[in-house]
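Undergrad: Required output: the full structure, derived from the provided sequences and hints.
As you go down the protein sequences, you meet chains A and B in turn. Residue numbering for the first sequence follows this note's numbering, beginning at 1 and increasing consecutively. Residue numbering for the second sequence follows this note's numbering, beginning at 1 and increasing consecutively.
Computed cross-link-like contacts, PhoX-like style, restricted to lysine-lysine with a CA-CA straight-line distance of at most 25 Å:
# : chain 1 : residue 1 : chain 2 : residue 2
1 : A       : Lys80     : B       : Lys92
2 : A       : Lys428    : A       : Lys80
3 : A       : Lys80     : B       : Lys96
4 : A       : Lys428    : A       : Lys265
5 : A       : Lys109    : A       : Lys239
6 : A       : Lys160    : A       : Lys216
7 : A       : Lys427    : B       : Lys96
Read the hints as simulated data drawn from the structure, not as lab findings.
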Amino acid sequence: MTELSAHLPQFQHGQLTENFPDNHLSNTNDNSERRRHDNSERRRNDNPGSETNGQPQNNIQQVVEDEEEDEELTLKYGAKHVIMLFVPVTLCMVVVVATIKSVSFYTRKDGQLIYTPFTEETETIGQRALNSILNAAIMISVIIVMTILLVVLYKYRCYKVIHGWLIISSLLLLFFFSFIYLGEVFKTYNVAMDYITVALMIWNFGVVGMICIHWKGPLRLQQAYLIMISALMALVFIKYLPEWTAWLILAVISVYDLVAVLCPKGPLRMLVETAQERNETLFPALIYSSTMVWLVNMAEEDPEAQRKASKNSTYDKQANQPQNGDAEPDDGGFSQEWQQQRDNRIGPIESTPESRAAVQALPSNSQTSEDPEERGVKLGLGDFIFYSVLVGKASATASGDWNTTLACFVAILIGLCLTLLLLAIFKKALPALPISITFGLVFYFATDNLVQPFMDQLAFHQFYI
Amino acid sequence: MTLAVFFGCTFIAFGPALSLFLFTIARDPLRIIILIAGAFFWLVSLLLSSLIWFIAVKASDPRDEALQRGLLIFGVMFSVLLQEAFRFLYYKLLRKAIEGLVALSEDGCSPISIQQMAYVAGVGFGLMSGAFSMINLLADALGPGTVGIHGDSQLYFLTSAFMTMVLIFLHTFWGILFFHGCENQRWWEIAAVVLMHLAVSGSTFWNPLYVGSLVPSYLLMAVVGRDVGRWIPAAPVGGRGPASLQLVPVRPGEGFWGLPPGDHRPLQGPEGDFQAGTGPDAVLTRWGY
Numbered sequence: 001m002t003e004l005s006a007h008l009p010q011f012q013h014g015q016l017t018e019n020f021p022d023n024h025l026s027n028t029n030d031n032s033e034r035r036r037h038d039n040s041e042r043r044r045n046d047n048p049g050s051e052t053n054g055q056p057q058n059n060i061q062q063v064v065e066d067e068e069e070d071e072e073l074t075l076k077y078g079a080k081h082v083i084m085l086f087v088p089v090t091l092c093m094v095v096v097v098a099t100i101k102s103v104s105f106y107t108r109k110d111g112q113l114i115y116t117p118f119t120e121e122t123e124t125i126g127q128r129a130l131n132s133i134l135n136a137a138i139m140i141s142v143i144i145v146m147t148i149l150l151v152v153l154y155k156y157r158c159y160k161v162i163h164g165w166l167i168i169s170s171l172l173l174l175f176f177f178s179f180i181y182l183g184e185v186f187k188t189y190n191v192a193m194d195y196i197t198v199a200l201m202i203w204n205f206g207v208v209g210m211i212c213i214h215w216k217g218p219l220r221l222q223q224a225y226l227i228m229i230s231a232l233m234a235l236v237f238i239k240y241l242p243e244w245t246a247w248l249i250l251a252v253i254s255v256y257d258l259v260a261v262l263c264p265k266g267p268l269r270m271l272v273e274t275a276q277e278r279n280e281t282l283f284p285a286l287i288y289s290s291t292m293v294w295l296v297n298m299a300e301e302d303p304e305a306q307r308k309a310s311k312n313s314t315y316d317k318q319a320n321q322p323q324n325g326d327a328e329p330d331d332g333g334f335s336q337e338w339q340q341q342r343d344n345r346i347g348p349i350e351s352t353p354e355s356r357a358a359v360q361a362l363p364s365n366s367q368t369s370e371d372p373e374e375r376g377v378k379l380g381l382g383d384f385i386f387y388s389v390l391v392g393k394a395s396a397t398a399s400g401d402w403n404t405t406l407a408c409f410v411a412i413l414i415g416l417c418l419t420l421l422l423l424a425i426f427k428k429a430l431p432a433l434p435i436s437i438t439f440g441l442v443f444y445f446a447t448d449n450l451v452q453p454f455m456d457q458l459a460f461h462q463f464y465i
Numbered sequence: 001m002t003l004a005v006f007f008g009c010t011f012i013a014f015g016p017a018l019s020l021f022l023f024t025i026a027r028d029p030l031r032i033i034i035l036i037a038g039a040f041f042w043l044v045s046l047l048l049s050s051l052i053w054f055i056a057v058k059a060s061d062p063r064d065e066a067l068q069r070g071l072l073i074f075g076v077m078f079s080v081l082l083q084e085a086f087r088f089l090y091y092k093l094l095r096k097a098i099e100g101l102v103a104l105s106e107d108g109c110s111p112i113s114i115q116q117m118a119y120v121a122g123v124g125f126g127l128m129s130g131a132f133s134m135i136n137l138l139a140d141a142l143g144p145g146t147v148g149i150h151g152d153s154q155l156y157f158l159t160s161a162f163m164t165m166v167l168i169f170l171h172t173f174w175g176i177l178f179f180h181g182c183e184n185q186r187w188w189e190i191a192a193v194v195l196m197h198l199a200v201s202g203s204t205f206w207n208p209l210y211v212g213s214l215v216p217s218y219l220l221m222a223v224v225g226r227d228v229g230r231w232i233p234a235a236p237v238g239g240r241g242p243a244s245l246q247l248v249p250v251r252p253g254e255g256f257w258g259l260p261p262g263d264h265r266p267l268q269g270p271e272g273d274f275q276a277g278t279g280p281d282a283v284l285t286r287w288g289y
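TA: In structure tokens, the structure reads:
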């Protein structure tokens with residue numbers, strides 16, 4: 001997998017930060033914030049470090065040219081990027097809907113989460129409404145608290161805590177929840193299975209998943225795993241959230257997403273800005289990315305490594321300063337472990353003026369020759385999860401059934417398309433939930449209550465419109 | 001029932017549309033987006049017409065069967081008119097989109113022409129319409145049951161599938177015809193589309209007398225298809241492989257699928273003017289006008 005080491009700086013962090021959506025719910029809500037936040041990191045130029053990498057003199061000019069080119073190119077390439085996101089979102093929804101329709105476990109009421117303590121099996125509608133509002137309020141406050149906690153941790157560079165948290169959540173999701181899922185699928189199809197085989201399967205699935213998501217792996221496999229864990233998480237939400245609470249939570253979360261990403265003091269916006277100041281990416285494995293960016297010319301002695309080395313050495317000097325609160329530059333995520341890994345992989349590289357000059361003398365297009373089409377779009381996993389929750393709930397509980405599911409599906413895709421269009425126009429971090437969830441909710445309620453009776457009558461008389 | 005009926009009806013209803021999608025639309029991201037947006041517009045029109053029907057039903061006596069049937073017929077007609085209105089709105093949106101695409105492109109030409117957009121929009125409308133008509137039926141076909149056990153027609157699933165197929169094709173043709181009419185201010189084409197749609201929907205009121213609905217619809221489809229087909233200079237059914245169906249950056253007005261290789265007469269200037277320029281005239285010439 002040596003070619004995969006040719007990541008740009010932000011993807012290197014995939015090695016360090018095991019950002020993984022927790023299946024542990026508090027973390028998930030939190031991670032979902034982070035995800036949405038990361039989702040907001042869908043910038044065209046997602047390599048802020050690229051232009052500043054060793055070629056300061058034509059830096060600015062390049063940036064300007066790229067910007068102008070981007071003006072021209074954004075919408076031209078927009079369609080391709082939209083499809084690059086349509087496909088995984090569709091796949092996730094298909095997995096969730098297929099599971100909901102076949103495995104009855106996920107539609108069975110087996111209690112509720114502790115985050116939604118109020119039951120919805122009440123006598124009056126007013127009581128039910130009140131309970132669901134309270135449930136949604138509790139859930140949203142948990143999410144807000146977790147997000148703020150995350151931002152605080154990130155700001156004060158408690159990376160270890162965050163990494164540990166992410167590792168635990170991904171372990172839980174990849175092993176425990178997929179074990180439950182597998183068990184329920186076997187029960188549904190009445191497949192006899194022994195524990196040894198199951199242990200082997202889950203072990204392999206989980207370990208490969210951990211490696212792919214937190215470290216390195218083939219792009220498609222990583223994307224597949226991200227889709228699978230999003231689907232698993234969405235299924236958990238669909239199972240354990242009662243109906244009205246679920247719809248309320250979806251609505252409130254899209255409002256929160258809007259506020260948190262766009263307001264100047266919103267936690268997610270602060271997170272993004274902090275990450276940009278530090279020239280890092282936010283936990284890449286919490287974000288679905290449609291492409292990996294490669295370096296085109298790998299023929300020479302690993303110019304990527306040399307660049308990393310020169311960058312690293314710059315940071316090394318700074319790391320010798322005494323560590324204090326928050327003002328000093330950190331090791332940029334190039335922690336000791338990472339340096340050891342790099343040394344193990346390509347041998348210790350010293351940064352000398354000669355090597356730096358050699359790197360700077362490299363043709364500058366080694367970075368910008370990345371085909372603009374290769375610039376990927378990123379979407380946070382929280383968006384996947386909530387889209388799938390909406391469609392899954394629609395297919396589970398709607399009386400219009402497949403019509404409602406289809407309508408919500410189309411509505412979400414159109415919302416995503418519009419969001420990406422706005423992204424292409426405004427070129428800054430945007431929340432992906434509001435438009436899609438709004439369309440989805442509107443279409444769910446409208447189709448379920450208005451269209452379904454109409455189509456029912458039409459089908460009864462076999463009229464066609 | 002069950003799997004045989006399910007697969008049979010699915011492929012009858014959606015087979016041609018699916019192949020149209022796979023061979024002509026799936027490769028180009030822009031077309032996929034236009035398809036989904038078309039589906040969305042159809043959906044919105046359905047929503048609004050259901051709203052009107054719902055209000056009418058709630059305001060009326062639910063026990064009066066004739067009234068309910070009358071309201072349903074009114075709902076169907078209103079829905080047809082609303083669908084065509086939304087088709088017009090979608091046309092307007094796509095025209096704006098083409099101007100945007102032209103502005104953003106490198107050589108002043110849109111990567112997709114209005115005729116291709118018309119085709120894709122038609123398929124979008126048709127697919128969504130067919131899906132909404134058919135999907136619940138297909139889901140029920142998977143389960144156990146006997147068709148027409150209470151004395152209704154036993155051909156229910158089959159005729160539904162055929163009706164869906166013909167509607168999908170008709171929507172495609174209507175899309176092309178409608179956009180062509182809007183492009184060239186030929187209002188009679190637009191009126192023809194609306195009338196045809198009303199006629200086809202109206203013919204379904206004869207159901208379960210299927211000869212009254214299916215036969216006229218298929219005849220209509222054949223007639224319209226033949227007329228629309230004369231537009232297409234290099235028909236892909238003529239034996240040329242999928243290579244001819246790839247998206248060729250088409251200069252507006254070059255024709256539906258793009259010119260065959262080697263034939264690069266520039267049909268209009270770099271500004272990509274769609275109005276009464278050489279583009280539509282070239283098409284009209286082919287059509288003998």
